[in-house]
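From first to last, the protein sequence lines stand for chains W and X.
Each residue of the first sequence is one higher than the one before, counting from 1 in my numbering.
Each residue of the second sequence is one higher than the one before, counting from 184 in my numbering.
Take the hints with a grain of salt, since some may be wrong.
[What the hints assert, rightly or not] When the alpha-carbon atoms are kept at most 25 Å apart in a straight line, the in silico DMTMM-like pairs for lysine to aspartate or glutamate are as follows: (1) X:Lys282 with W:Glu82; (2) W:Lys47 with W:Glu139; (3) X:Lys233 with W:Glu88; (4) X:Lys257 with W:Asp157; (5) W:Lys180 with W:Asp157; (6) W:Lys69 with X:Asp266; (7) W:Lys109 with W:Asp43; (8) X:Lys233 with W:Glu165; (9) W:Lys178 with W:Asp157; (10) X:Lys237 with W:Glu170; (11) X:Lys275 with X:Asp238; (12) W:Lys149 with X:Glu298; (13) W:Lys151 with W:Glu88; (14) X:Lys285 with W:Glu122; (15) X:Lys263 with W:Glu122; (16) X:Lys260 with W:Glu82; (17) W:Lys69 with W:Asp171; (18) X:Lys263 with W:Asp157; (19) W:Lys48 with W:Glu37; (20) W:Lys136 with W:Asp171; (21) X:Lys253 with X:Asp227; (22) X:Lys237 with X:Asp207; (23) W:Lys47 with W:Glu82; (24) X:Lys237 with W:Glu37; (25) X:Lys263 with W:Glu82; (26) W:Lys35 with W:Asp148; (27) W:Lys48 with X:Asp281; (28) X:Lys292 with W:Asp43; (29) W:Lys136 with W:Glu122; (30) X:Lys257 with W:Glu122; (31) X:Lys285 with W:Glu88; (32) X:Lys282 with W:Asp83; (33) X:Lys240 with W:Asp148; (34) W:Lys109 with W:Glu88; (35) X:Lys285 with W:Glu139; (36) X:Lys282 with W:Asp171; (37) X:Lys240 with X:Asp207.
For the record, the hints were derived by calculation from the structure and aren't laboratory data.
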Amino acid sequence: MRKLLLLLPVLLWLSAVPASYGDDETSWLSFFDHKNEVAPVRDATYKKECGACHFPYQPGWLPQSAWQKLLAPSALADHFGEDAELPETTRRHILDYALLNAADKSSYKRSKKVMASLDKGEVPTRITDVAYIRRKHHEIPAALIKGDKVKSLSFCDACHTKAAEGVFDEDTVVIPGKGKWSW
Amino acid sequence: MNKYLRMIGALFLMLPVLSLAGIDQTIAHYTPQNGLGFSAQRGDTLWHRKNTAKDGKERDCTVCHGDDLKKPGKHIKTGKVIDPMAPSVNHKRFTDIDKVEKWFLRNCKWTFGRECTDQEKGDILKYLSQF
């Protein structure tokens, strides 16, 4: 029992860790957090509406200016050749969520890399046009991407097995028809 | 105990009826023009009517929904798998009017290049309710 009591302060300290990490980037505790990836989508409407047709890309892949453009009513009516119109309240909700979590508002590592790779004032309209994304995929032979299994770089979760959680680490990549990708 | 079992059994028997109520309620949301009423036959014609899109290719509802409505379809461009349209195998179909309206708006414009009228929506739903 006494031994357990001695452990108490340690247990208390440990239980406090999850509550504090992630809030302060400069804290040494950021070593433990997951901000080295991209913020996962936490909004049910965003996930449902965007995910009804394609992988619900995390807002942290594009700057606010891009979301503003992509999610305008007229843009949604011609969304890469598809009609993706939404009722105004839903569109507003999704746009607000995207703006709040856009790459230029995020402290996650990959969002910062996206921003660093863009030219000043550049407004990419496709995530696959972002220099950082292109650079990260340029070693992969085109033959592995084109074709029925993956189709294009737009299908994140075709290879990134933890894409939905916002995890894009190399270790989580399995390319259909090829298997684990090794660099 | 026996009474409860019988009640549960009765509820199960009501299931098909409940799912029918779903699509009928949705159809009731639309107003037919000139007292025409809705017709499955007109819906059938619309469903298979071919239109030439901006990209020069012909489109009708089946290009994405497939020929067998009891089986999943596949979007010709995005490859997205579309759940079966037949209410008999997909009980959730046509039970959410907001969802029905959202997709009518998108898909009528995509396929026909314009929005569908209430009459057309009712006819299409009447046609699909048979499956």
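Structure-based check of each hint:
{"no.": "1", "hint": "X:Lys282 with W:Glu82", "result": "holds (17 Å)"}
{"no.": "2", "hint": "W:Lys47 with W:Glu139", "result": "violated (30 Å)"}
{"no.": "3", "hint": "X:Lys233 with W:Glu88", "result": "violated (31 Å)"}
{"no.": "4", "hint": "X:Lys257 with W:Asp157", "result": "holds (18 Å)"}
{"no.": "5", "hint": "W:Lys180 with W:Asp157", "result": "holds (14 Å)"}
{"no.": "6", "hint": "W:Lys69 with X:Asp266", "result": "violated (31 Å)"}
{"no.": "7", "hint": "W:Lys109 with W:Asp43", "result": "holds (21 Å)"}
{"no.": "8", "hint": "X:Lys233 with W:Glu165", "result": "violated (41 Å)"}
{"no.": "9", "hint": "W:Lys178 with W:Asp157", "result": "holds (15 Å)"}
{"no.": "10", "hint": "X:Lys237 with W:Glu170", "result": "violated (40 Å)"}
{"no.": "11", "hint": "X:Lys275 with X:Asp238", "result": "violated (33 Å)"}
{"no.": "12", "hint": "W:Lys149 with X:Glu298", "result": "violated (34 Å)"}
{"no.": "13", "hint": "W:Lys151 with W:Glu88", "result": "violated (32 Å)"}
{"no.": "14", "hint": "X:Lys285 with W:Glu122", "result": "violated (33 Å)"}
{"no.": "15", "hint": "X:Lys263 with W:Glu122", "result": "violated (31 Å)"}
{"no.": "16", "hint": "X:Lys260 with W:Glu82", "result": "holds (9 Å)"}
{"no.": "17", "hint": "W:Lys69 with W:Asp171", "result": "violated (34 Å)"}
{"no.": "18", "hint": "X:Lys263 with W:Asp157", "result": "holds (13 Å)"}
{"no.": "19", "hint": "W:Lys48 with W:Glu37", "result": "holds (22 Å)"}
{"no.": "20", "hint": "W:Lys136 with W:Asp171", "result": "holds (14 Å)"}
{"no.": "21", "hint": "X:Lys253 with X:Asp227", "result": "holds (15 Å)"}
{"no.": "22", "hint": "X:Lys237 with X:Asp207", "result": "violated (35 Å)"}
{"no.": "23", "hint": "W:Lys47 with W:Glu82", "result": "holds (18 Å)"}
{"no.": "24", "hint": "X:Lys237 with W:Glu37", "result": "violated (40 Å)"}
{"no.": "25", "hint": "X:Lys263 with W:Glu82", "result": "holds (13 Å)"}
{"no.": "26", "hint": "W:Lys35 with W:Asp148", "result": "violated (33 Å)"}
{"no.": "27", "hint": "W:Lys48 with X:Asp281", "result": "holds (14 Å)"}
{"no.": "28", "hint": "X:Lys292 with W:Asp43", "result": "violated (28 Å)"}
{"no.": "29", "hint": "W:Lys136 with W:Glu122", "result": "holds (19 Å)"}
{"no.": "30", "hint": "X:Lys257 with W:Glu122", "result": "violated (35 Å)"}
{"no.": "31", "hint": "X:Lys285 with W:Glu88", "result": "holds (11 Å)"}
{"no.": "32", "hint": "X:Lys282 with W:Asp83", "result": "holds (15 Å)"}
{"no.": "33", "hint": "X:Lys240 with W:Asp148", "result": "holds (21 Å)"}
{"no.": "34", "hint": "W:Lys109 with W:Glu88", "result": "violated (32 Å)"}
{"no.": "35", "hint": "X:Lys285 with W:Glu139", "result": "violated (40 Å)"}
{"no.": "36", "hint": "X:Lys282 with W:Asp171", "result": "violated (38 Å)"}
{"no.": "37", "hint": "X:Lys240 with X:Asp207", "result": "violated (34 Å)"}
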